[in-house]
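Asker: What follows is the residue order along each chain.
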Amino acid sequence: MADATTESPDGSPELRFSFANRRTLVDRSLTVLAIGLAAFALFPLFSVLYMLIVRGGHLLSPSLLTELTPGAGMEGGGIGNAALGTLIVVVVASLFSLPLGILAAIYLAEYAGESQLGTIVRFAGKVLTGMPSILAGVFAYAAIVVTTKSFSAFAGGVAMAILMVPTIMLTGEQALRAVPEKMRLAALGMGASRMETTLRVVLPTALPGILTGVMLALARAMGETAPLLFTALFSDYWFDGKLGAPIASLSVLIYNFSGSPFAHLSELAWAASLVLVALVLVLNVAAQVIIRRPKEF
Amino acid sequence: MMDRSDRYLLRILFATLGTALLLLGCNKGSSGQAAPAASSAAKTETETVITLQGSGASFPAPLYSRWFREYGTKNPNVRVNYQATGSGAGIKAFTAGQTDFGASDAAMSDDEIKAAQGNVVLLPMTAGHIVLAYNLPDVKDLKLSREAYTGIFLGEITKWNDAKIAKANPGMKLPATDITPINRSDGSGTTFVFTQHLTAVSEKWKAGPGTGKSVSWPAKAAVGGAKNDGVAALIQRTPGAIGYIEFVYAATSNATTAWLENKAGKFVAPTPEGAAAALAHVELPEDLRAWVTDPAGDDAYPIATYTWVLAKKKYGDKAKSDALKALLKWCLTDGQKLSKDLHFLALPDSVTSRVIKAVDGIE
Amino acid sequence: MSKEKPHTQIAQVPTGWQTRSDVAFRIVVHVFGAAVVVLLGAIVFEVMRHAGGSMLKYRLGFFSGSVWDANRDQFGIFPEVAGTLYTSFWALLLGGFLGVTLALILSQGFLSRRGELVMKNVVELLAAIPSVVYGLWGIFVLVPLLRPIAGWLNDHWGAFPLFSTRLSGPGVLPASLVLTIMILPTITAVSREALAAVPPRLAAAAYGLGATRWEVIFRVMLPTASAGIFGALVLGLGRAFGETMALAMLAGNAQTFSWSLFSPGNTLAALLANHFPEAGEYEVNALMYAAGVLLVITLTVNILGSLIMMRATAGLRGLR
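Protein chains in written order, with the working numbering: chain A, 1 to 297; chain B, 1001 to 1363; chain C, 2001 to 2320.
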C-alpha cells in the first residue's frame, strides 16, 4: 500500500493524522455523509412527533388516562379504556407469541441445522412477515370470532400474536446464532445436556438480541388497526374482566377518531398516538433495563 | 448475564405487574366479577348489566356514539357499544349473530335479508345528505347542473372553465385549472348513495359505473381518498379538486360546497333544510326501506339518505330485547334533539312514529 | 453459585432426569417449530377456501386485468401486483441504504455508549408510531411538501419515465417514502444486531494493521455481518409487502400502473384494506385470491433472495 500512505521526509511512513492523506479524507467525508444521511432518515420521526404534539399535545394530562372515551360533540373525556385495553391485548398476544416465537427460534438456531424441516420453517416465517395485517385479522375472525359467535379481546390477542411471531422467530434465530460457538462447547464439555446448554447459556446470552425482536414486533403490533378491527372491535367502557367480549384499544381509537369531523375527537386521536408511542418507549426502556447486555470478550 | 437473584427479581416483578393489571381491570369494570363467555347478561346481587353490541356504518357513528353515551349515563345498567366497521361488515356480523344490532347506509338487499332468514327489521334512525366540496379559492357558491356534475365524474368535463359549468354560473370567473375528481378508495355506503343518485339522473352513468359501495371511476384524473376525512383532506390540499363527502364533514371544516340542480330544475344549496325538504316528499313503504335517489320538490336537495339500524325480529332473550327496544325508542324521541348539533337530520314525527311502531314489534 | 459441587459430580453420566428432559425439550422445540408452519398452512387454507371459486373463474386473466368492479364481477390485479413490487423496491432501496447506514452509526463507535443507546431507542420509536398516523402524516405533511418538487421535476424532466406525470395527491412517491420510514427501524435494528455480533477481535485486527474506520467497515464488518444484514433486508421487504393502513391512504387507489413516481397507483395490501369491509361474497373471494397472490410473491422473492445469499456467502463459512 505504498501509494496510499504519505511519507515523511526521511522515507518512513507518516503516521500523524493529516487530511493530506487521501484515506483520511475519504474516511472523514464518509463519516460526515453518514451522519447527514442519518439525520435525514430521522427527520420524519421528528416531523411526525411534532405534528402529534401540535395537534394533540395540549390534551396530555392525568385525566386523559382515567376518563372514558366521549361521544361526538362532548367535551372532556379521555382514552383510559383504550390504553388499558391495548395493554391487555398485548399481554394476551405475548402469552401466545413469546413462547411460540422463541421456541421456534431455538429450534431454528440450535436443532435444525441445515435440515429440510428447518428450511421450511424458516421460509414459513419469512412468508408470514409479508402477510398484510388485515389478513391476520381476517384469519382470526374466521377462526375465532365466527366459531365463538362473538368479537373478543381474546381473538384480538391472537390476531396480534400472528403478526408478532414471525419477527420474534427470525430475529431470535439471528440472536441465538450470534452466540459464540465456544460458549456452547464449553457448556457441553462440562456435561450439560443440550437443553441445559440452550436454556442456561445460549438463551440468556442472546436475550438482548431476542428482546430487540420482541420490541420491534410489539411496537408494530400495537400500532396496527386492521387486525383488531375485525376481532376485538371496540368498547366505550372499562375492561370488565371478560376476555370474551370486545375491548377498546388505542389503535382502533385512533382509527375511529382521527377521521372525525369533530375537532375534540380528532385531537384525542392525536393525544392517543402520543400515548401509544410513549407506551412503547416505556416498555422498550424497561425491558432493556431488566435485561442488560453482557460484556463482549 | 442474569444470575439467580436477578431471575427471581424478574419473576416477582412480572408476577406483581400481571396481578396489578388484572386487579386494575377487574376493579374498573362496573360490576367487577369473573369472566363467563360472550353472553350479555351478568348477574350480581343487586342488578343486571346488559351489554348491547352493534357495528356497521361509519356515517352515523358520531351520532350513535353520542346517543349511547348519553343513554348510558341515564341508564347505568345498560352498556351499549358501537364500532364503525363499514355497512357491509356490519350486515355480515349481524347476520352471523356476532353482534346484537347492525347499522347500514344501504339498508339491506333482498338477498341479504334472505341470508338472515328474514329475522331482521330495518329501522331508519337518522338521515343526512352528501355534498360536493371543491377547491377553487376564489369561487364561492358554485352552481353545478346535472350535466355538469355527472360530466365531471364521468371524466367528460376536465377543466373548470368548461362551457357546461359556466352556463349555470354567469358572470363568475372560472379558472382554466384541471379538475381532479376525488372519490372514495374504500368501499362505503356514502359511495353507494352518491352513485345511486348518479344512476338515477344519468343514463350514461347507469350504463357505465352504475351503483355500488365501490365502483370503477371513469375519470382519468380521478384520485381515491380513504374515508370521508381522507377525501375531505385531499380536496382541501389539491387545487382544482372536487369530491363527495357527508355534510357533517363539510360543516365542521368550512369547506366550500356546490349548489346542485334538482329534479325540478332549481339550484339548491347543500343545507340541512334542503335535505329535509327532500326527505319530506318520500313515502316510507311497509318495510321502511326507502330510497331518495331523485327527490321531487323545488327546495329539495338532490342527494339525501336515511340510515338504518338492523335489529332482529325475535331475540329469544327478553332482557336483551327489552333493553334494545328501550334504547331505540329513546334514540327516536329524546335522541333526535341531539341530531342538529351534530349536523344530522332529525327525523320528522310522521317517520318516527312509524319506526317506533316497528320497534314495538320486536320480541 | 450457592453450593460447590464436588469434582466427582460435575463430569458424570447424565441423570435420568437430564436425559428425559433433554428429549422432551427436543420434542417441544420441534413441535413449536412445526407449529409455525402449521400456522402458515392454516392461513393459506383459509385464504384458499375463499379464493378457490374465484381462482377457477378468473384464472390467469386475474393477473392481466386492470378493472376492479364489484358490480360487474370484473376483477383484475395487474396494477396492484406491479404497484406492490414497485413501491417495495423503492422502499427497500432507500430503506436498506439508510437503515444500514444508521446501523453502522449505532455500532461502529461513532457515538459514545450512552449516545448509541439513546439513538437506538430513538430509531425504535419510529416503529412505535401507528400505521394510521403515518398515513395521515403523509397526507397532511409529506404530499404538500413533495408537490412543488414533483411539479418542478415534471416540468423540466417530464420526458424521463420516472417523472412523467403530475403529483395530484397520493401516489407512488409518497407511498414509497412512507414505506421506507416504516421499514427503517426493522432494518436498522436487525442490522445493528448483526454488526454487533461480529467478534471484536476481527475489527481490532484490522485497526491494528492501520485501516481507517470506513475501511474496516467496508472490508471487515459488512462482509462478516452480511448474512444478518441480508436477513434484515428480507424482514424489511416482507414488512413493505404487507403494509396495509398507511398505503391504503397514500397509494392513491387508482387501477393503473405507471413508472412515474408521481402517478397514483395501488398495492395488494391496500386493495384488501380498502375493499374487504364492504365486500360481498364474490368480491371477498376475489380479494382472497389477491391475498394468495401476495403470499406467493413473498415466498418467491424470499426463495430468490436465499439463492443469492447462498452464492454470496459461500466463502465466509467457518469464520467463527
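There may be inaccurate statements among the hints.
[Said to hold, decoys possible] Think about it this way: if two alpha-carbon atoms lie no more than 20 Å apart in a straight line, the pair counts; the simulated PhoX-like pairs of lysine-lysine are: (1) Lys149(A) x Lys1329(B); (2) Lys1266(B) x Lys1318(B); (3) Lys1325(B) x Lys1340(B); (4) Lys1314(B) x Lys149(A); (5) Lys149(A) x Lys1313(B); (6) Lys1114(B) x Lys1140(B); (7) Lys1313(B) x Lys1337(B); (8) Lys1114(B) x Lys1143(B); (9) Lys1320(B) x Lys1337(B).
[As the list claims (entries may be wrong)] Reference excerpt, derived from the structure (chain C facing chain A, CB under 8 Å, subset only): (10) Gln2012; (11) Asp2069; (12) Asp2073; (13) Gln2074; (14) Asn2121; (15) Ser2131; (16) Ile2149; (17) Leu2153; (18) Trp2157; (19) Gly2231; (20) Met2245.
[What the hints assert, rightly or not] Okay, the calculated bits of chain B under chain A, using three or more residues with CB under 8 Å as the criterion: (21) 1055–1064; (22) 1212–1221.
What the hints contain is simulated information worked out from the structure, not anything from laboratory work. These numbers were taken from a predicted model, which means no experiment stands behind them. Idealized CB from N, CA, C, for every residue including glycine.
Asker: It remains to establish, for every hint, whether it holds in the given structure.
Answerer: Results of checking the hints against the structure:
1. Lys149(A) x Lys1329(B): Outside the cut-off at roughly 27 Å; violated.
2. Lys1266(B) x Lys1318(B): violated, 51 Å
3. Lys1325(B) x Lys1340(B): violated, 23 Å
4. Lys1314(B) x Lys149(A): Distance of about 17 Å is within 20 Å: holds.
5. Lys149(A) x Lys1313(B): holds, 19 Å
6. Lys1114(B) x Lys1140(B): violated, 47 Å
7. Lys1313(B) x Lys1337(B): Given pair Lys1313(B), Lys1337(B) is violated - Cα atoms ~27 Å apart, limit 20 Å.
8. Lys1114(B) x Lys1143(B): Outside the cut-off at roughly 43 Å; violated.
9. Lys1320(B) x Lys1337(B): violated, 25 Å
10. Gln2012: With a closest approach of 7 Å, the Gln2012(C) hint holds.
11. Asp2069: violated, 21 Å
12. Asp2073: At about 21 Å, which exceeds the 8 Å cut-off, the nearest Cβ of chain A leaves the hint on Asp2073(C) violated.
13. Gln2074: violated, 22 Å
14. Asn2121: holds, 6 Å
15. Ser2131: Since chain A brings a Cβ to about 6 Å from Ser2131(C), closer than 8 Å, the hint holds.
16. Ile2149: violated, 15 Å
17. Leu2153: Violated: closest Cβ of chain A sits about 19 Å from Leu2153(C), beyond 8 Å.
18. Trp2157: violated, 22 Å
19. Gly2231: holds, 6 Å
20. Met2245: holds, 6 Å
21. 1055–1064: holds (count 4)
22. 1212–1221: violated (count 0)
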